[in-house]
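Chains as they are written, first to last, in numbering that gives the first Met the number 0: chain A, 0 to 643; chain B, 0 to 99; chain C, 0 to 169.
No lab work stands behind these hints, which were simulated from the structure alone. We put the beta carbon where it would ideally sit given N, CA and C, even for glycine. Check before you lean on any hint, since a few could be wrong.
[What the hints assert, rightly or not] Derived SDA-like pairs (lysine to any residue); straight-line CA-CA distance at most 20 Å:
1) B:K86 with A:V242
2) C:K135 with B:R56
3) C:K135 with B:T66
4) B:K86 with A:L621
5) C:K135 with B:D54
6) C:K118 with B:D54
7) B:K98 with A:V617
8) B:K98 with A:L621
9) A:K159 with A:V242
[Claimed, not checked] Derived Cβ-Cβ restraints for the label pairs, each shown as a range:
10) A:V600 with C:G109: 55 to 65 Å
11) A:R643 with C:F70: 27 to 37 Å
12) B:V41 with C:F70: 18 to 28 Å
13) C:S149 with A:V600: 52 to 62 Å
14) B:E93 with C:P144: 35 to 45 Å
15) C:G117 with A:V637: 24 to 34 Å
16) A:V600 with B:I64: 52 to 62 Å
17) C:G7 with B:E93: 40 to 50 Å
18) C:N76 with A:Y625: 19 to 29 Å
19) A:V637 with C:N76: 35 to 45 Å
[As the list claims (entries may be wrong)] If you only want the chain B side, here are some residues facing chain A, beta carbon under 8 Å, derived:
20) V1
21) W5
22) I8
23) L22
24) D54
25) D92
26) N95
27) M97
28) K98
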Amino acid sequence: MMTSYALIPLLPLAAFVINILLGRKLLKENAHWVSIAAVAGSWVVAVMALFDVLSGAKINYDVYTWMLSGGFKVSVGFLIDQLTVVMLIVVTTCSMLIHIYSVGYMHGDPGYYRFFSYLSLFTFSMLMLVMANNFLQLYFGWEGVGLCSYFLIGYYFDKKSASDAGKKAFIVNRFGDFGFGIGIFIIFLTFGNVYYEPVFSQAGNFANASINFLGFDVHLMTLIALLLFCGSVGKSAQMPLHVWLPDAMEGPTPVSALIHAATMVTAGVFLVARCSPIFSLSETALMVVALTGAITSLFAATIGLVQNDLKRIIAYSTVSQLGYMFLACGVGAYTAGVFHLYTHAFFKALLFLCAGSVMHAMGGELNIQKMGNLKKYMPVTYITMLIASFSISGFPFLAGFFSKDEILWMAYSGGSPVGKFVWAIGTLVAFLTAFYSFRLIFLTFHGSFRGTHDQEHHLHESPKSMTVPLMLLCVGAVAAGWVGIPALIGEQIGVHNYIAEFMKPVLGHPEGHGTHGEELGIMIFSTLVGLSGIGLAYFMYILRPELPGRIAQQFSAVHRVLFNKYYVDEFYDFIIIRPTIWIAKNVLIGVTDARIIEAIVNGVPNAIAAFSSGLRRVQTGLMQHYATIMATGILLIVAMMLLR
Amino acid sequence: MVPLNWYLILSAAVFMIGMFGFLTRKNVIIMFMSVELMLNAVNISLVSFSHYLQDMRGHILVFFIITVAAAEAAIGLAIILALFRNKQTAHVDEMNEMKG
Amino acid sequence: MLQQLFFGYYAFTIIILSLLVVTRRNPVHSVMWMLLLFFHIAGLYLFLNAEFIAAIQVIVYAGAILVLFLFVVLLLNLKEEISLKQFVGSWPAGLFVTGLLFVSVVSVLGSYIQGPIGKYSIAAVRSETHTKALGKLLYTEYLFPFEIASLILLVAVIGAIVLAKRKLRS
Numbered sequence: 000m001m002t003s004y005a006l007i008p009l010l011p012l013a014a015f016v017i018n019i020l021l022g023r024k025l026l027k028e029n030a031h032w033v034s035i036a037a038v039a040g041s042w043v044v045a046v047m048a049l050f051d052v053l054s055g056a057k058i059n060y061d062v063y064t065w066m067l068s069g070g071f072k073v074s075v076g077f078l079i080d081q082l083t084v085v086m087l088i089v090v091t092t093c094s095m096l097i098h099i100y101s102v103g104y105m106h107g108d109p110g111y112y113r114f115f116s117y118l119s120l121f122t123f124s125m126l127m128l129v130m131a132n133n134f135l136q137l138y139f140g141w142e143g144v145g146l147c148s149y150f151l152i153g154y155y156f157d158k159k160s161a162s163d164a165g166k167k168a169f170i171v172n173r174f175g176d177f178g179f180g181i182g183i184f185i186i187f188l189t190f191g192n193v194y195y196e197p198v199f200s201q202a203g204n205f206a207n208a209s210i211n212f213l214g215f216d217v218h219l220m221t222l223i224a225l226l227l228f229c230g231s232v233g234k235s236a237q238m239p240l241h242v243w244l245p246d247a248m249e250g251p252t253p254v255s256a257l258i259h260a261a262t263m264v265t266a267g268v269f270l271v272a273r274c275s276p277i278f279s280l281s282e283t284a285l286m287v288v289a290l291t292g293a294i295t296s297l298f299a300a301t302i303g304l305v306q307n308d309l310k311r312i313i314a315y316s317t318v319s320q321l322g323y324m325f326l327a328c329g330v331g332a333y334t335a336g337v338f339h340l341y342t343h344a345f346f347k348a349l350l351f352l353c354a355g356s357v358m359h360a361m362g363g364e365l366n367i368q369k370m371g372n373l374k375k376y377m378p379v380t381y382i383t384m385l386i387a388s389f390s391i392s393g394f395p396f397l398a399g400f401f402s403k404d405e406i407l408w409m410a411y412s413g414g415s416p417v418g419k420f421v422w423a424i425g426t427l428v429a430f431l432t433a434f435y436s437f438r439l440i441f442l443t444f445h446g447s448f449r450g451t452h453d454q455e456h457h458l459h460e461s462p463k464s465m466t467v468p469l470m471l472l473c474v475g476a477v478a479a480g481w482v483g484i485p486a487l488i489g490e491q492i493g494v495h496n497y498i499a500e501f502m503k504p505v506l507g508h509p510e511g512h513g514t515h516g517e518e519l520g521i522m523i524f525s526t527l528v529g530l531s532g533i534g535l536a537y538f539m540y541i542l543r544p545e546l547p548g549r550i551a552q553q554f555s556a557v558h559r560v561l562f563n564k565y566y567v568d569e570f571y572d573f574i575i576i577r578p579t580i581w582i583a584k585n586v587l588i589g590v591t592d593a594r595i596i597e598a599i600v601n602g603v604p605n606a607i608a609a610f611s612s613g614l615r616r617v618q619t620g621l622m623q624h625y626a627t628i629m630a631t632g633i634l635l636i637v638a639m640m641l642l643r
Numbered sequence: 000m001v002p003l004n005w006y007l008i009l010s011a012a013v014f015m016i017g018m019f020g021f022l023t024r025k026n027v028i029i030m031f032m033s034v035e036l037m038l039n040a041v042n043i044s045l046v047s048f049s050h051y052l053q054d055m056r057g058h059i060l061v062f063f064i065i066t067v068a069a070a071e072a073a074i075g076l077a078i079i080l081a082l083f084r085n086k087q088t089a090h091v092d093e094m095n096e097m098k099g
Numbered sequence: 000m001l002q003q004l005f006f007g008y009y010a011f012t013i014i015i016l017s018l019l020v021v022t023r024r025n026p027v028h029s030v031m032w033m034l035l036l037f038f039h040i041a042g043l044y045l046f047l048n049a050e051f052i053a054a055i056q057v058i059v060y061a062g063a064i065l066v067l068f069l070f071v072v073l074l075l076n077l078k079e080e081i082s083l084k085q086f087v088g089s090w091p092a093g094l095f096v097t098g099l100l101f102v103s104v105v106s107v108l109g110s111y112i113q114g115p116i117g118k119y120s121i122a123a124v125r126s127e128t129h130t131k132a133l134g135k136l137l138y139t140e141y142l143f144p145f146e147i148a149s150l151i152l153l154v155a156v157i158g159a160i161v162l163a164k165r166k167l168r169s
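One chain only, chain A, in its complex shape (with noise of 0.2 Å):
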């Protein structure tokens, strides 16, 4: 049994490995057999995961010894506990779906076969990541998913953006990642160790360690948090490093859905609830967390409110909700925070793939300004896209209803420093994720045809492969979040909070230090505040629609700032991507390259050759000089042996 869970990651290896090797001659347009098999597969072996999970069992074993050097041994090994599952059913679940989905986005590309092995290299690293029990293997699957990421946005790499925006994504990430290298590094330091389960449980022995970092005298559990936090920053497209995943969306649509929505940019998240035994011994850590959870959040909803592309509008509100997630760990709520991860991914997976068929049905045109009316070319589309969009904004007894809720309930009552500063906020962007949420649906299906005719005339509804998909993911966007019902419902009709229960051996589960009536005020509140933003966002978009152009103007400096992202693309270009380049032309090509290598790679031979020049005078090629210097040494030695 034990064995059967090494499948998981390695039946989408060994897709990959096939589709790499044989999809271009052999495969072509079948490839996409080999990756649906392998994750339908994974699929399966996750499932009895789960239930061998729920049946109690936690499962930690090593397959194989990585590297052993002295006291410091890594293995490929899996730890699978209540967080790995719900992760495990999330990945495979997405990631099957969207591999079905890709037979029909992705049908003709000429590079199929490709697409499918990063598909599958995608899925097997970040199975990887997620089953990991050392800091290590995590690391590895962490990098392996970067990887692919990059892999998959530069996918149309002939594409000058496409191939800039893939860079842009690995070197953003290298920012996060190098924090997140160190921390492991001061793991291992302190711990001698990089194991989950002895580095959690000795965590506290160290609660109020303290560690020379830099000179400074630092709390070494926030410093290790904090830098654990960095990669996650980087990974999850937080604040400051959230600027890569908006220009991610050139990569093919079902990517984003799977990579940049539901699977790689939660593994953040994941890091973050998995170390939550560091995590909690600082109360620093998690008010970054929460801080940084939060700001991002109503940063990115705000930039979503102006954004006139279909895909980048959904990646803002990804970063968005990423936001949510961190603001819920940062509050101590982990539960919370990974219930929404898992609803998330269900739903918001779903809007990309339905922006895939609309952009399928488009020709690839992503300006919603030039859409509208499309409910009418495609039903289950629209139908399923509204759903996923009634579930993010929070819309009553939806997956998203639930998971926010429980955020922003833990926020308010969870007792954390910045609760209630944090619950306002999360409250605003709930606000502000419904309107942005029903902007985009009201300018995409609604209304007038506002495109070409050409376009209009090649409107239709997606293939089979694309549509069932978006059904399949809909039933997970309404019915995901029925297994964290919170007890305040539950009671009344008889379920628990399952997954709070679920998850409480590994993460904790804080009680609120609220009454009932409070969270039902809270939820009232925050529903009513959902709901008056998909109002007002009818208001302005169905009823007068002229009324958005007009408050643009007049707030036009602001409308400006929004528009443009608050200009941190710039900022950064300024303040790193010019000096960078200022460095390398000025510092690196003109005196490093010419005067220091260049004069030692030029130099060494040329010395070699004058030194040379000298020696070859001995070559005069007349064999008498030859042997009599073969006799002259007979001579020594016979001289040296005389003389002994």
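Following the hints, position chains B and C against chain A.
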């Protein structure tokens, strides 16, 4: 009775004369003959050792040396022929293709 | 006394002949002196009770190898050869090295240690005859090297033909 050393000195002298010839002569054929001279010098010492130690092994060795010398002469002279045909000369000081 | 006289004659002649071989300007003369030298060396072998070796010295060296040398020498332009200096420019260096080496080799002779005496005493060899004794050894104890020697000769035959033949042009 002639002492063994006398033979050995004779052998050394012939060897050194052969070596001197090899190191100083221009003509490659004479150089080759000098090599034969050196081989003969070794043969002298081997046979005299054999005689004084009452052992046949020196003779066996001489036998093989003569065999090898014959083979070497055949090959060496063939090389000289080939060389002479290409260079029109048998003087080693005119051959310095290997000059660095 | 007679032995010493005999040896003295041979030794003296051999050294003189060797010097003549390496110093003559005319290669034909060198070959001729060498022929005489080989006969003297054969005589020395007889003096050392090695009559078979003496015989093959004459047959192989004087009869075969020197004739080969003579053939090749006849290819040369003897007139030009005689008009030129016979030594290369660096001959003093060769003389110096050779002289020092001679001195050092001779100085080693004093430290010679006699090895164990074998069973082939003069009387034993004489009773069995030298050729038979050598033959017995060669075909029993040294059979394998003997066979190898035949291979070496085969290689030499083929090699000499390959090297010396003109390139066939079609």
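Task: Violated constraints from the hint list, given by number and in increasing order - done: Hints 1, 11, 20, 21, 22, 24 are the ones this structure does not satisfy, whereas the remaining hints hold.
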